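Residue numbers (this note's numbering), protein chains in the order written: chain A, 1 to 66; chain B, 1 to 822.
Because the hints were derived from the structure by calculation, they are not lab data.
Since we're looking at a predicted model, the values are computed, not measured.
Be careful, since some hints might not be right.
SDA-like, lysine to any residue: derived pairs with alpha carbons at most 25 Å apart [as the list claims (entries may be wrong)]:
#, chain 1, residue 1, chain 2, residue 2
1, A, LYS27, B, GLY298
2, A, LYS27, B, VAL238
3, A, LYS27, B, ALA171
4, A, LYS27, B, ALA179
5, A, LYS27, B, MET192
6, A, LYS27, B, VAL299
7, A, LYS27, B, TYR173
8, A, LYS27, B, GLU176
9, A, LYS27, B, VAL88
10, A, LYS27, A, PRO37
11, B, LYS335, B, SER406
12, A, LYS27, B, GLU97
13, A, LYS27, B, VAL172
14, B, LYS335, B, ARG320
15, A, LYS27, B, ALA185
16, A, LYS27, B, PHE294
17, B, LYS335, B, GLU323
18, A, LYS27, B, ARG293
19, A, LYS27, B, PHE230
20, B, LYS335, B, ARG398
21, A, LYS27, B, ARG175
22, A, LYS27, B, ALA306
23, A, LYS27, A, ILE41
24, B, LYS335, B, GLU397
25, A, LYS27, A, VAL14
26, A, LYS27, B, LEU125
27, A, LYS27, B, ARG300
Here's the letter readout for the chains.
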Amino acid sequence: MEILYLLIPLGVVVVVVAVAAFAWSVKSGQFEDLEGPAHRILMDDDDPMIPRRPRPGKPRDLKRED
Amino acid sequence: MTESARTDCYHCGQPIPPGVTLQVEIDGQQRPMCCAGCQAVAQAIVGNHLTDYYRYRTDRAQTAEDLVPQELRDLSLYDHPELQRSFVHAEEGNVREAALILEGITCAACVWLNERHVGSLPGVLEFRVNYSTHRARLRWDDSRIHLSQILEAITAIGYYAHPFDPGRQEAVYQRERGAALRRLAVAGIGAMQVMMLAVALYIGETDETQGEMMQFLRWVSLVLTTPVVFYSGSSFLVSAWRDLRRRRFGMDVPVSLAILSTYFASTWATLTHSGQVYFESVTMFVFFLLAGRFLEMGVRQRAGQATEAMNRLLPPMATRLSEDGDELVSVHDLKPGDRVRIRPGETVPADGTVADGRSSIDESMLTGESLPRARAAGDPLTGGTLNVESPLIMRVERVGEDTTLSAIQRLLERAQTERPRLARLAEQGTGWFVSIVLLLTAVVGLVWWQWIDADRAFWVVVAMLVATCPCALALATPVAITAATGALMREGLLTTRGHALETLSQVTDIVFDKTGTLTEGRLSLIAVEPLGARDEAACWRLAAILERDSEHPVARVLARGEAGAMRAQGLTASPGHGMEGEVDGERLRIGSPRYVRELAGDDPAQLARLDALVAAHPEATLVLLGGAQGLLAAFLLADRLREDAVETVARLQGLGLRVHLYSGDAPATVSAIAQRLGIADHVGQLTPAEKLERVRGLQDEGAVVAMVGDGVNDAPVLAQAQVSVAMAEGTQLAHASADMVLYSRRLAPLGEAVRKARATVRIIHQNYAWALGYNGVALPVAAIGLLTPWLAALGMSLSSLLVVVNALRLAPAGARGARRDP
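Next comes chain A alone, as it looks inside the complex (with noise of 0.2 Å):
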């Protein structure tokens, strides 16, 4: 059991670590907007390379908007 003298120490300083992470990512404006990243995922923000719309004027895939 005399391991748990070096292991439980050790613990405590990867806390302190995980404390020093959190900080930096506080610091570092990460939980500004805690709702908007998760929403920016979904759109494309690059223009599509292949074109989208093969044939000009067929509505495309009615059922998604909205």
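Using the hints provided, position chain B relative to the given structure of chain A.
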């Protein structure tokens, strides 16, 4: 969806007015639009290849025309360097940075639309929107694009952005949030670790052979608990100290007492190898309370940010006429005797008289009257009102403290100090509770020390203090109020002051102000009556052609019709009367009955029909269209009742409230509306001071009054009522004096708020009963020396959990999963 798509505007979801056939082709399909504003916005979105917005959005957009307040349409003012100094941060070269508040964001797709559109403008370096707060950070190169052009681009796609000064409030919020999150993290991670070690301590407690290991684990727990108590818990300790110095007993005093006594007793036990340690209770206690406070802070900050968003930076500038021509000066620099030019759409900067020109002035923010009044040379002008039609030269007479607006502000301050207050539930009884517990603990400690076992007396006292640790008690009120406030925010009712819900639950009387509260606060067309040879659609089209460039509110309503490509020739405006112009070679007039009849003449048959029409709609405004050949049509415009006004009033009465209507409008209009809504007590033509007097009269009879209002003239009354609700469309002064702000266009949240407030108070009482009951059981157990650390930790977490779960019943069922913004 397909059915409603045929009758509602594809862009904003509003019903399409009769006679409007506007369409936009979106992704290969023709979509109906309700007005020219929505059409223009949809066309801009299609033109910029951003139609994905319509696929991604989860909520309809706002109606384009309602979004931008008229006085702020002139965006070029924002380029003025003098004005920019207050909100623009200049970097090297021409790079500028500003923070914007975006209005009109209804779902995440709006964020995408804005970022894509603005980001693609040449000269814009960075544009990031924060979806939670509706704020955006903008960096641009001023040599390639101007701020006003960027703001115009945002307006083009149907949003409204205005700069704000992020220096003050925003920085405070950010610091507060950061500090709270760090504290929460330290407490949370610390509590987890200490709890883990505590399990080992519980199990090894009876094992004599593991004494050394036990002692080691205690020391580690002490090391982990110390930052939790003195860093995470410091906010409780500091505010408890502040309370004590002011000789008050808030909730923080017993909380700090519990934290410190448990911590020091456990430390003492660790140092002396005796007694028991309660480190896990302390850390968990701090963590629970901090989590509760963090949620509370989130709701409070949101409310603050939402109210700040309404504080549009009104350019406090005026155009002064001097010998060297016009100069732009700050409103504070105006002196009596100055001559000032007020263009249409600008706000009157001070009190004075018209020196030259004729125009109509919109005084709705002062008087609540929705129609502008005609003003000519020699007529008085009040600061804060809005010039609607044509340029005016004004002679300034009173500035600063002497203006009407300042007088109302003083009335407001006085009312605020005189408002009767109800005691806060949270602070009732806390002092009593603490004193009783301390007294009991002292008595039990003395009994143990004297008669039972002097060695154990200290540990029994500690156990009692841990058992009575007011965790559940401290969470009882804030969690319930936070849950209810969040639920109401989703309904569209924003609570800006903490006491509002508690007071609302005790309200006996609710006072409405007619304009903008029970009605929509803007004109809409209620009837078109063709009087001549042409049919309704043709008349409606002629009206739109004639009125398309006019800024008068009546004209704005009529201009919503479809004008097509046709233009009127030789348009001339006659302020306060109407417009005249030639369409297809025919000379036409539209406007007030007298003005039109000068051209169209009097036909007895038509006049009889007009009389009948006016008699049928006493509250409506009559606008005529006519040519040299005679009258063509009559348009009736009125400020319509809100859709659910009747139901809401009935619901409030059903909840046992007395409903009153105290208005500044003409008595005939007020009684017409009161009758339709079933309000018995209604009075018209009241001044702000008289309204104040009436509310005070009700309060003297013992009533607890809730006031719903929107204008500047309502602000003092809002402050006098025990709890007040302002309309989001209302003025800033009204927002500032209100406890709640109604964002929704519907009135229904009011009834819901009263119900919710009562439920909240009921839940708070239940929570108190539970917390006190738990203490009542735990205290005797601790007093006879049976409370072990694991029992204390279990009891405390279970009682706190129960209080929180009970409070969460106030949140709407679906809200915890799918959250929507207010």
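Comparing the hints with the structure gives:
no., hint, in the structure
1, A:LYS27 / B:GLY298, "holds (18 Å)"
2, A:LYS27 / B:VAL238, "holds (24 Å)"
3, A:LYS27 / B:ALA171, "holds (13 Å)"
4, A:LYS27 / B:ALA179, "holds (10 Å)"
5, A:LYS27 / B:MET192, "holds (23 Å)"
6, A:LYS27 / B:VAL299, "holds (21 Å)"
7, A:LYS27 / B:TYR173, "holds (13 Å)"
8, A:LYS27 / B:GLU176, "holds (12 Å)"
9, A:LYS27 / B:VAL88, "holds (23 Å)"
10, A:LYS27 / A:PRO37, "holds (17 Å)"
11, B:LYS335 / B:SER406, "holds (16 Å)"
12, A:LYS27 / B:GLU97, "holds (21 Å)"
13, A:LYS27 / B:VAL172, "holds (14 Å)"
14, B:LYS335 / B:ARG320, "holds (10 Å)"
15, A:LYS27 / B:ALA185, "holds (13 Å)"
16, A:LYS27 / B:PHE294, "holds (17 Å)"
17, B:LYS335 / B:GLU323, "holds (16 Å)"
18, A:LYS27 / B:ARG293, "holds (20 Å)"
19, A:LYS27 / B:PHE230, "holds (21 Å)"
20, B:LYS335 / B:ARG398, "holds (8 Å)"
21, A:LYS27 / B:ARG175, "holds (9 Å)"
22, A:LYS27 / B:ALA306, "holds (24 Å)"
23, A:LYS27 / A:ILE41, "holds (23 Å)"
24, B:LYS335 / B:GLU397, "holds (8 Å)"
25, A:LYS27 / A:VAL14, "holds (20 Å)"
26, A:LYS27 / B:LEU125, "holds (23 Å)"
27, A:LYS27 / B:ARG300, "holds (21 Å)"
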